[in-house]
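Listed in order, the protein sequences are those of chains A, B, C and D. If you read the first sequence in the working numbering, its first letter stands for residue 1, the second for the next number, and so on. If you read the second sequence in the working numbering, its first letter stands for residue 1, the second for the next number, and so on. If you read the third sequence in the working numbering, its first letter stands for residue 1, the second for the next number, and so on. If you read the fourth sequence in the working numbering, its first letter stands for residue 1, the second for the next number, and so on.
Worth flagging that the hints you see were computed from the coordinates, not collected in a lab. There could be a bad hint or two in this list.
[Stated by the list, open to error] Quick list of in silico lysine-lysine cross-link-like pairs, DSBU-like style, CA-CA up to 30 Å:
# : chain 1 : residue 1 : chain 2 : residue 2
1 : D       : 165       : C       : 165
2 : B       : 152       : B       : 6
3 : D       : 6         : C       : 165
[Stated by the list, open to error] Incomplete in silico selection of chain D near chain A, CB under 7 Å:
#  : residue
4  : 44
5  : 45
6  : 154
7  : 199
8  : 200
9  : 201
10 : 202
11 : 234
12 : 235
13 : 237
14 : 238
15 : 240
16 : 241
For each residue, glycine too, the CB sits at the ideal point set by N, CA and C.
What follows is the residue order along each chain.
4 protein chains.
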Amino acid sequence: MSDIIKKEDQVLLFLDSRRTYLIKVKKGQDFHTHKGFIHLDDVIGKRYGDRVKSNLGVDFVLLKPTIRDYVMKMVRRTQIIYPKDMALIVLHTGIGPGSKVVEAGTGSGALTSYVAHYVKPDGCVYSYEVREEFVETAKKNIEKAGVLDYVKIKNKDITQGIDEKAVDAVILDLATPWLVVPHAYKALRGGGTFSSFSPTIDQVVKTVEALEEARFVDVETIECLTRRIKVKRDQTRPETFMVGHTGYITFARKTL
Amino acid sequence: MSDIIKKEDQVLLFLDSRRTYLIKVKKGQDFHTHKGFIHLDDVIGKRYGDRVKSNLGVDFVLLKPTIRDYVMKMVRRTQIIYPKDMALIVLHTGIGPGSKVVEAGTGSGALTSYVAHYVKPDGCVYSYEVREEFVETAKKNIEKAGVLDYVKIKNKDITQGIDEKAVDAVILDLATPWLVVPHAYKALRGGGTFSSFSPTIDQVVKTVEALEEARFVDVETIECLTRRIKVKRDQTRPETFMVGHTGYITFARKTL
Amino acid sequence: MSDIIKKEDQVLLFLDSRRTYLIKVKKGQDFHTHKGFIHLDDVIGKRYGDRVKSNLGVDFVLLKPTIRDYVMKMVRRTQIIYPKDMALIVLHTGIGPGSKVVEAGTGSGALTSYVAHYVKPDGCVYSYEVREEFVETAKKNIEKAGVLDYVKIKNKDITQGIDEKAVDAVILDLATPWLVVPHAYKALRGGGTFSSFSPTIDQVVKTVEALEEARFVDVETIECLTRRIKVKRDQTRPETFMVGHTGYITFARKTL
Amino acid sequence: MSDIIKKEDQVLLFLDSRRTYLIKVKKGQDFHTHKGFIHLDDVIGKRYGDRVKSNLGVDFVLLKPTIRDYVMKMVRRTQIIYPKDMALIVLHTGIGPGSKVVEAGTGSGALTSYVAHYVKPDGCVYSYEVREEFVETAKKNIEKAGVLDYVKIKNKDITQGIDEKAVDAVILDLATPWLVVPHAYKALRGGGTFSSFSPTIDQVVKTVEALEEARFVDVETIECLTRRIKVKRDQTRPETFMVGHTGYITFARKTL
């Protein structure tokens with residue numbers, strides 16, 4: 001991986017932990033912030049980790065975006081799963097380099113990109129999205145995250161069926177996951193893993209019932225809370241506000 | 001990935017979510033459980049996802065172990081990080097296929113294996129362990145998890161220095177992470193990520209102070225709680241007991 | 001309140017935070033623990049806060065029991081609400097000295113005693129219990145807690161009706177709170193408060209629906225988690241295990 | 001308690017759970033809200049629980065304020081403890097009708113009022129406040145809450161000493177609770193209870209050390225999280241945002 005920033009590279013401009021900007025380095029252009037503007041020509045040839053000054057003299061750090069940065073900065077037409085929940089889905093489904101995964105709905109492509117990042121370079125994510133108008137935005141987001149080569153977006157209704165066979169995992173983030181469970185069963189290899197994210201407990205109950213009817217085992221539902229800590233000698237304490245709920249995640253494994 | 005179980009394969013024998021056994025399929029041997037024993041010869045030739053009966057007629061499902069299964073079943077000489085925390089470390093450090101990672105201490109090799117799973121097939125984990133007596137167990141655990149080709153265990157004291165240069169991430173799970181911070185700074189590429197797991201808040205304060213002195217930015221400390229939900233129509237509720245604390249995780253990124 | 005311990009007094013024998021014993025000081029008797037026995041005659045005449053030695057030379061502190069101690073030490077034939085949830089019920093219902101409260105089911109009398117403690121000396125708790133076999137144990141527990149003068153136990157089925165009128169609060173801990181909602185409405189004064197504790201989310205949904213149908217406002221459901229912190233310089237951290245769920249508490253206020 | 005609203009009464013005007021107004025019913029005045037104004041003359045003679053219409057035809061419910069309402073609506077010159085934490089302090093200190101309590105700092109009088117509510121009619125809260133400018137506001141707040149008869153505000157520095165003897169409980173919400181511990185020890189009766197609320201973990205460590213040096217036992221530190229649940233058939237879920245930290249509460253009991 002080159003450490004020198006070239007034109008057309010994606011760069012995360014970092015002011016502080018709450019103010020970061022994901023930009024593409026275009027020759028001859030300026031990027032405007034509340035702390036002044038930055039000549040992008042000044043960025044070309046610098047190294048990741050270097051600083052650049054705005055015209056107002058404010059320092060920005062030039063960072064190479066991680067997959068988490070891409071996901072958090074995506075253009076969203078829908079609410080996206082939080083990265084913490086994505087990370088637990090990757091953990092519990094056991095996917096990794098080479099995995100063949102079915103995922104739906106594509107939405108803005110955030111979860112798709114996150115999963116695709118880990119199945120590189122030999123795996124593939126088959127991502128179903130029934131709403132045609134989301135496909136283009138998703139494709140742009142996934143391309144920006146650098147993982148479009150590992151994704152096949154399918155403009156199809158996954159509640160009507162899954163084309164793939166013997167996949168390692170089926171990962172769902174949609175309103176009616178229970179309707180997909182029988183299709184997921186057929187698509188998965190023996191022992192393959194199922195995962196579904198849902199904001200409401202009612203969706204979870206229906207999904208778990210469908211899983212138990214369909215010869216899945218190891219059915220487990222969790223919720224995950226993360227809390228930020230303000231660390232400073234003699235003033236250390238958790239932050240006052242936190243996200244108290246994103247959704248429930250249900251996992252299962254297929255038996256034959 | 002073959003779906004047929006061969007001799008010498010690792011198999012997760014699944015009775016229920018709380019009773020699973022990670023075994024190696026040895027010809028001519030039996031595996032004993034409280035629910036009777038299983039002839040391992042009967043397992044050979046079956047598919048993952050199939051069931052096998054013990055001599056007492058109890059069904060066990062034959063599952064292909066995931067990296068999470070390997071990590072949770074490791075022979076431990078030390079307390080290991082929980083998988084949920086490992087998943088957040090992978091998320092925040094941004095590592096993936098091809099990443100070059102320094103990690104310490106190796107301990108039983110659980111975190112090492114988890115990280116190695118995601119840097120396949122071109123990346124590498126350089127894992128430091130000062131206690132010679134841990135190295136052999138760790139090596140066996142990592143080999144069993146199938147990722148030894150992507151790990152270099154080094155019987156060295158990481159608080160004395162890191163040999164590697166331009167690494168993508170430094171990941172720590174040891175008693176005095178603050179002593180490693182200056183070495184981590186030198187080892188990381190510009191914009192590279194740092195992560196440290198510590199059970200006590202006092203370790204966190206010292207580590208954060210060291211990071212702020214050493215030109216790291218985006219310093220953030222979180223804790224993560226997961227809660228299991230018992231899902232059953234008309235009886236749905238969170239489980240009574242949960243793990244209330246594992247540790248704090250601190251993240252940072254290097255600036256030049 | 002006398003500080004000198006007399007015979008027949010209730011005393012909390014304190015060894016450490018996890019080992020405490022609620023005893024009645026009987027002349028001529030011994031109390032046996034794993035750390036030896038204590039002559040109760042030695043306790044008479046001592047002051048609360050004093051120490052007494054067992055025959056094995058181990059120190060026990062003599063404490064005056066609080067209402068929380070009484071509640072936690074009650075003979076239980078049923079699962080009881082945790083004190084933290086009782087405290088939130090007292091907070092949200094706004095009861096205090098002089099309040100007139102209807103409560104059900106009595107069960108072992110723990111919640112009854114806790115509420116009665118705060119309505120002294122002019123208030124009253126009308127406690128309904130349909131299961132006759134619980135009434136005697138409850139009465140003994142409530143008497144031991146010193147608040148029987150402020151409680152009227154009624155061996156009646158509260159789902160069939162409430163006798164009292166113009167009460168300040170109705171507090172429920174039973175399996176089918178939604179069946180009591182219409183009776184609670186009739187029993188409460190205008191603006192009076194309703195509170196119900198339920199372990200499962202399904203009970204909560206039914207109760208909230210009944211409240212909304214019955215001209216209640218300010219309907220709110222919460223859950224409460226408490227976590228213990230191990231405090232010790234340079235080793236401070238939350239405890240590893242915690243209670244992850246006791247139940248949900250629903251509150252509401254009656255409009256006319 | 002009269003159910004008819006008279007002039008000069010305190011009334012909680014309730015629009016919905018997030019929009020409530022604590023007002024004093026003054027003859028001939030109007031109360032203005034975003035949903036129109038209310039003639040307070042129209043309120044006189046109504047019952048608690050009744051509705052009143054604004055000039056725009058919007059319904060408001062007339063509620064009798066609870067002690068929780070008073071506390072949450074207090075004019076604040078300082079951050080106040082959340083009611084949930086107050087409720088746990090009352091629980092753990094074991095106070096009730098008749099208790100004699102020392103409390104500091106008074107601040108806006110919220111915790112003072114809450115505690116005073118429960119020691120009625122024979123108990124007393126001695127509330128210390130070193131900052132003279134807070135005393136007047138606190139007195140008004142406590143009077144409005146109807147409990148000034150049970151409170152003695154003392155414009156004194158509690159870190160310099162406590163005048164009272166043989167008190168049942170000492171309750172602290174101030175920046176340096178550890179400086180008060182030796183005075184609390186002297187002021188408490190044998191077995192009396194100590195409680196301190198602090199936002200940062202560093203304050204907790206110092207306070208616990210002071211308690212352990214001063215012959216206190218049963219030293220325990222907790223934190224309490226409450227989460228609101230949005231209850232609606234087929235859409236039930238916890239609320240997205242919650243308060244993630246208010247403070248730690250430390251409890252202890254005095255031995256002689």
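Structure-based check of all given hints:
1. Among the hinted pairs, residue 165 of chain D with residue 165 of chain C is inconsistent with the structure: their alpha-carbon atoms are about 43 Å apart, more than 30 Å.
2. Annotation: proposed proximity of residue 152 of chain B to residue 6 of chain B holds, straight-line Cα distance about 28 Å (limit 30 Å).
3. Between residue 6 of chain D and residue 165 of chain C the CA atoms are separated by roughly 22 Å; this keeps the pair inside 30 Å, and the hint holds.
4. Residue-level restraint check for residue 44 of chain D is violated (minimum Cβ-Cβ distance to chain A is 41 Å; threshold 7 Å).
5. Given hint, residue 45 of chain D at the interface with chain A, is violated; its Cβ is 43 Å from that chain's nearest Cβ, farther than 7 Å.
6. Hint status for residue 154 of chain D: violated, given a least beta-carbon distance of 29 Å to chain A, over 7 Å.
7. About 5 Å separates the beta-carbon of residue 199 of chain D from the nearest beta-carbon of chain A, less than 7 Å, and the hint is met.
8. Interface hint status for residue 200 of chain D: upheld, as the beta-carbon distance to the closest one in chain A is roughly 5 Å, under 7 Å.
9. Given the 7 Å rule on beta carbons, the hint for residue 201 of chain D holds: about 5 Å separates it from the nearest Cβ of chain A.
10. Using the Cβ-Cβ criterion of 7 Å, the hint placing residue 202 of chain D at the interface with chain A is satisfied: the shortest such distance is roughly 5 Å.
11. Because the closest C-beta pair between residue 234 of chain D and chain A is about 5 Å apart, less than 7 Å, the hint holds.
12. Here the hint on residue 235 of chain D is kept, as its CB sits about 5 Å from the closest CB of chain A, short of 7 Å.
13. For the restraint placing residue 237 of chain D at the interface with chain A, the shortest Cβ-Cβ distance is roughly 5 Å, inside the 7 Å limit, so the hint holds.
14. With a least beta-carbon distance of about 4 Å to chain A, the hint placing residue 238 of chain D at the interface is held under the 7 Å criterion.
15. Hint on residue 240 of chain D holds. Least Cβ distance to chain A is approximately 6 Å, under the 7 Å limit.
16. With a cut of 7 Å, the hint placing residue 241 of chain D at the interface with chain A holds, because the nearest CB-to-CB distance is about 6 Å.
The structure is inconsistent with the numbered hints 1, 4, 5 and 6, although it conforms to all the rest.
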